[in-house]
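In order, the protein sequence lines correspond to chains H, D and R. In terms of this note's numbering, the first sequence has 202 at position 202, counting the first letter as 1, and numbering is strictly consecutive. If you want this note's numbering, it's the 1-based position in the second sequence plus 324. If you want this note's numbering, it's the 1-based position in the third sequence plus 653.
It is possible that part of the hints are untrue.
Said to hold, decoys possible - The calculated SDA-like cross-link candidates involving lysine to any residue, where the alpha carbons are at most 20 Å apart (straight line), are:
{"hint": "1", "chain 1": "R", "residue 1": "764", "chain 2": "D", "residue 2": "513"}
{"hint": "2", "chain 1": "R", "residue 1": "746", "chain 2": "R", "residue 2": "756"}
{"hint": "3", "chain 1": "R", "residue 1": "900", "chain 2": "R", "residue 2": "929"}
{"hint": "4", "chain 1": "R", "residue 1": "764", "chain 2": "R", "residue 2": "790"}
{"hint": "5", "chain 1": "R", "residue 1": "764", "chain 2": "D", "residue 2": "559"}
{"hint": "6", "chain 1": "D", "residue 1": "548", "chain 2": "R", "residue 2": "774"}
{"hint": "7", "chain 1": "D", "residue 1": "548", "chain 2": "R", "residue 2": "789"}
{"hint": "8", "chain 1": "D", "residue 1": "548", "chain 2": "R", "residue 2": "939"}
{"hint": "9", "chain 1": "R", "residue 1": "764", "chain 2": "R", "residue 2": "789"}
{"hint": "10", "chain 1": "D", "residue 1": "513", "chain 2": "D", "residue 2": "485"}
{"hint": "11", "chain 1": "D", "residue 1": "548", "chain 2": "D", "residue 2": "561"}
{"hint": "12", "chain 1": "D", "residue 1": "548", "chain 2": "R", "residue 2": "763"}
{"hint": "13", "chain 1": "D", "residue 1": "567", "chain 2": "R", "residue 2": "767"}
Since the hints were made in silico from the structure, they are not lab data. Everything numeric in this text was worked out from a predicted model, so none of it was measured.
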Amino acid sequence: MSAPTQSEAEIESRLTAIGRVADGIRRFFDGDIWYSFKSSRIAVVAGIVTLVIFLAALFAPIVAPSNPYDLATLNLLDAFTAPAWIEGGSSAFLLGTDDQGRDMLSAIIFGTRVSLIVGFASIIFAMLLGITLGLISGYVGGITDAVIMRIADVQLSFPAILIALLVDGVVRGLLPPNRHADIAVWVLIFSIGISNWVQFARTVRGSCMVERNKEYVQAARIIGIHPILIMLRHVLPNVMGPVSVIATIGLAVAVLTEATLSFLGVGMPPTQPSLGTLVNTGQNFLASGEWWIAVFPGFMLATLVLAVNLLGDWLRDALNPKLR
Amino acid sequence: MAAMAAFILRRVFQAIIVMLVVSALAFVMFKFVGDPIAQMVGQDTSLQDRAALRERLGLNDPIIFQYLRYLGDVIQGDFGISFRTARRVDVLLVERLPATLELALVAAVFALAAGVPMGVYTGLYPDRWLSRVFQAVSLAGISLPTFFIGILLILFFGVVLGWLPTFGRGETVRIGWWSTGLLTLSGLKSVIMPAFTLGMFQLTLIMRLVRSEMLEVLRTDYIKFARARGLSNFAVHFGHALKNTLVPVITITGLQLGSLIAFAIITETVFQWPGMGLLFLQAIQFADIPVMSTYLILVAAFFVVINLVVDLLYYVVDPRLRLDRSLAT
Amino acid sequence: MAAPQPLLQVDNLRIEFPTRRGTLLAVDDISFHIDPGEVLGVVGESGAGKSLTGAAIIGLLDPPGRIAGGQIRLDGRRIDNLPYEQMRRIRGKEIGAIFQDPLTSLNPLYKISRQLVETIRTHAEMSPSQARARALELLDAVGIPAASDRLDAYPHEFSGGMRQRVVIALALAANPRLIIADEPTTALDVSIQAQIIALLKQLCRDHGTAVMLVTHDMGVIAETADRVAVMYAGRIAEIGPVAAVIKQARHPYTHGLMGSIPAIGHPVEQLTQIDGAMPRLTEIPKGCAFNPRCPEVFDKCLSHRPDLRPAGGSDVSCWLF
Chain H
1 MSAPTQSEAE
11 IESRLTAIGR
21 VADGIRRFFD
31 GDIWYSFKSS
41 RIAVVAGIVT
51 LVIFLAALFA
61 PIVAPSNPYD
71 LATLNLLDAF
81 TAPAWIEGGS
91 SAFLLGTDDQ
101 GRDMLSAIIF
111 GTRVSLIVGF
121 ASIIFAMLLG
131 ITLGLISGYV
141 GGITDAVIMR
151 IADVQLSFPA
161 ILIALLVDGV
171 VRGLLPPNRH
181 ADIAVWVLIF
191 SIGISNWVQF
201 ARTVRGSCMV
211 ERNKEYVQAA
221 RIIGIHPILI
231 MLRHVLPNVM
241 GPVSVIATIG
251 LAVAVLTEAT
261 LSFLGVGMPP
271 TQPSLGTLVN
281 TGQNFLASGE
291 WWIAVFPGFM
301 LATLVLAVNL
311 LGDWLRDALN
321 PKLR
Chain D
325 MAAMAAFILR
335 RVFQAIIVML
345 VVSALAFVMF
355 KFVGDPIAQM
365 VGQDTSLQDR
375 AALRERLGLN
385 DPIIFQYLRY
395 LGDVIQGDFG
405 ISFRTARRVD
415 VLLVERLPAT
425 LELALVAAVF
435 ALAAGVPMGV
445 YTGLYPDRWL
455 SRVFQAVSLA
465 GISLPTFFIG
475 ILLILFFGVV
485 LGWLPTFGRG
495 ETVRIGWWST
505 GLLTLSGLKS
515 VIMPAFTLGM
525 FQLTLIMRLV
535 RSEMLEVLRT
545 DYIKFARARG
555 LSNFAVHFGH
565 ALKNTLVPVI
575 TITGLQLGSL
585 IAFAIITETV
595 FQWPGMGLLF
605 LQAIQFADIP
615 VMSTYLILVA
625 AFFVVINLVV
635 DLLYYVVDPR
645 LRLDRSLAT
Chain R
654 MAAPQPLLQV
664 DNLRIEFPTR
674 RGTLLAVDDI
684 SFHIDPGEVL
694 GVVGESGAGK
704 SLTGAAIIGL
714 LDPPGRIAGG
724 QIRLDGRRID
734 NLPYEQMRRI
744 RGKEIGAIFQ
754 DPLTSLNPLY
764 KISRQLVETI
774 RTHAEMSPSQ
784 ARARALELLD
794 AVGIPAASDR
804 LDAYPHEFSG
814 GMRQRVVIAL
824 ALAANPRLII
834 ADEPTTALDV
844 SIQAQIIALL
854 KQLCRDHGTA
864 VMLVTHDMGV
874 IAETADRVAV
884 MYAGRIAEIG
894 PVAAVIKQAR
904 HPYTHGLMGS
914 IPAIGHPVEQ
924 LTQIDGAMPR
934 LTEIPKGCAF
944 NPRCPEVFDK
954 CLSHRPDLRP
964 AGGSDVSCWL
974 F
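Pulled out of the complex, with its shape left as it was, chain H reads as follows (with noise of 0.2 Å):
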């Protein structure tokens, strides 16, 4: 065995890679997944709702009428200004002010932006501890395997919700108080994702243990290849569906877990404030009627948490008819 060979394999193999993911996208538009996206209604306004959102949240500093955080731009004066329609509203606040006199609009479209950051970050992170510690776990088998799988049970018996809590506590709990409000999001992020990963880590785990087996995986170790390289390009493409159907759906938890703990005062700070914040915030202005600063982030959100989910779900039996 030759180093030459191997690299020759190596680079061939990611011409492959590439050539698949080329591949995937010509068979995405020509397929059965993009005619069937356009031929569900529910689907397609799913999809239309969550591009705008992601758009506005991506383009906020062109798209926001004012930068709620640059405290020169905001007026006491301004404060509890109704929404625009409404009896005492303004045309300058489509949907009224907040206690400092900042534009709700605003608000919501900063805060959508922060929702996002810290829902996809920490699915990503899900995902990429799930897919690793399932090929881990898939591939080695034996005791390795059961201890994962069990922390995984274990886990999965327990909300979500609660994990992220704990962790969120216990970092708390290591860190120096007058810190918190710098690395919530980094908190957030990983106490989020930490919670989340045992279903990519099943789905992989599944398909690996079906590839581990196969011929070709015995083939690729007898000429030198590491058979973990050779299952990654193998079970990568068989799972991509189900994870793509699994992260998709995530993300909506993901975001709704992150607007949880910020509601619940232990997530973004209002400094930063992420949807979740804003309503925690306008919870205290129910009781005097100012409604419209915890209801329209809370509508926000959930719009946002059902159109990402309605998209999953049309995922879902888009890839496998057969699943419920």
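Given chain H, work out where chains D and R should sit, using these hints.
Leaving out everything else, chains D and R in the frame of chain H:
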């Protein structure tokens, strides 16, 4: 009965293992998060005094001894002193326990009482308009964040209509150490919105589960054979089909009871419900480790007990699991 | 002498399945009758439409399958278009059914006593204790040993053969005059099959119950049936008294079926087999459905569909006759 005894013994053994793992986790939290000495002494205590205290508390012993001592304390109900309130953790939790359990119970009853019939209906008549309404409600139940449901309820029934109290438990009555809000009018009015908020998500889950199980069971041979025997629709749907959907429904509902207690954290925060969840949340905000670890142990114990009960219920519902009888014949 | 009115009369029955790629005709214009007390065997490969015909008769076609044409009459009364509730009263009481798999035909969560009692009481005014006594009689009649001890057992406590006996007891619970037995022995051990068939035959003879015995086992037919209908691709290829069809099969397909059964005591050099496979419902050829596989195919078979016409002792749909 031997098989059943063995089955139960095995389950109890597994439950003990889980509890040992969880208590180890709690101990690790206890041990490594935050410095108990720093929590107990003032700023001006000398290093020597601190070291002496450390020695006296056994914090220098091998870790396994410390764990065993912790375990011994836990078994005797000694969970330590809350950092935040400087009161015994077990006393704190026992005070809060009835509020959370009552809330979870009412929510579970609501979720079952509404979720099962809705699921049966949508399973039997998937194309009727009412089924579509139920399906839409279930989608909302999954997508609306719990706290937002609570806030909308507070806004409409509390603030706008003024029908229901927006926070607290109302008047409570003490029965021994237990305080109940279910015996007073204000207590009952207070529990409606929190229970609805807490039960909504479970209702959705139960409805979807019953529906899909129902659809599945209605396709089985024994349902077809029951129809071929001329049994009435009522007997086929409720006598034969529904009972066969019960096993998964019991599992999920049982497990959901556990998560109700966990999700109560959110509901209790929204409605300022004086339960364990609110206590736990305050503990997290203040990194009050003794309360956190005790809550963890308590919730784990709930889950374990519920799992055991669920397993036993299987036995009652599904005769195929009572293998000892078939061995006897 | 005028023939007595048949118990069951099926005329020009068509069963179709709407699918995304158009409507499939699974049963295409078949007619037959069953006389009181008679055993009609229905044979054919899987997918020939035998089971669907049985399901249509008891009104339990699984959606989206539906009766697209023709009539089914019981004692001269149309039953194919009855409202659900009226048809339900006929099921079990007039027409019983036995399905293929005894392991899945019984509700696993209920004692067989309960399943028997509820069936009996659905169709007859009886007190629970009377119904229980009747249940015991039925279990005895189907040959369950120590029936009184087994009455309160659960289905999983019985073997496959015993379970099929329970299923037969359930099908006979209200003394129906016709039993649709859909492959009643396929899922059982070979050694048990003969016992179950013998039991079914004896019980039906004792009670004067007619049987539509759906099977793909020619041996069972030869032993049990009075008449036999051979189905192919949703149509009846040949129908007639069992002796005529078996001994002097006319239709080339029946001929092929008979050739594929080894006869005991007759050393056969070679079992014949029919080349090819039954066409899928989407690809049934024009003319005679059997024409691609028929050894004696000629021009007319490719263009015109043969109807059933008398030939020898039976009716055959083949242009050779």
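Do the hints match the structure? See the list:
no.: 1; hint: 764(R) to 513(D); in the structure: 45 Å, violated
no.: 2; hint: 746(R) to 756(R); in the structure: 23 Å, violated
no.: 3; hint: 900(R) to 929(R); in the structure: 24 Å, violated
no.: 4; hint: 764(R) to 790(R); in the structure: 16 Å, holds
no.: 5; hint: 764(R) to 559(D); in the structure: 15 Å, holds
no.: 6; hint: 548(D) to 774(R); in the structure: 19 Å, holds
no.: 7; hint: 548(D) to 789(R); in the structure: 24 Å, violated
no.: 8; hint: 548(D) to 939(R); in the structure: 35 Å, violated
no.: 9; hint: 764(R) to 789(R); in the structure: 13 Å, holds
no.: 10; hint: 513(D) to 485(D); in the structure: 14 Å, holds
no.: 11; hint: 548(D) to 561(D); in the structure: 11 Å, holds
no.: 12; hint: 548(D) to 763(R); in the structure: 16 Å, holds
no.: 13; hint: 567(D) to 767(R); in the structure: 14 Å, holds
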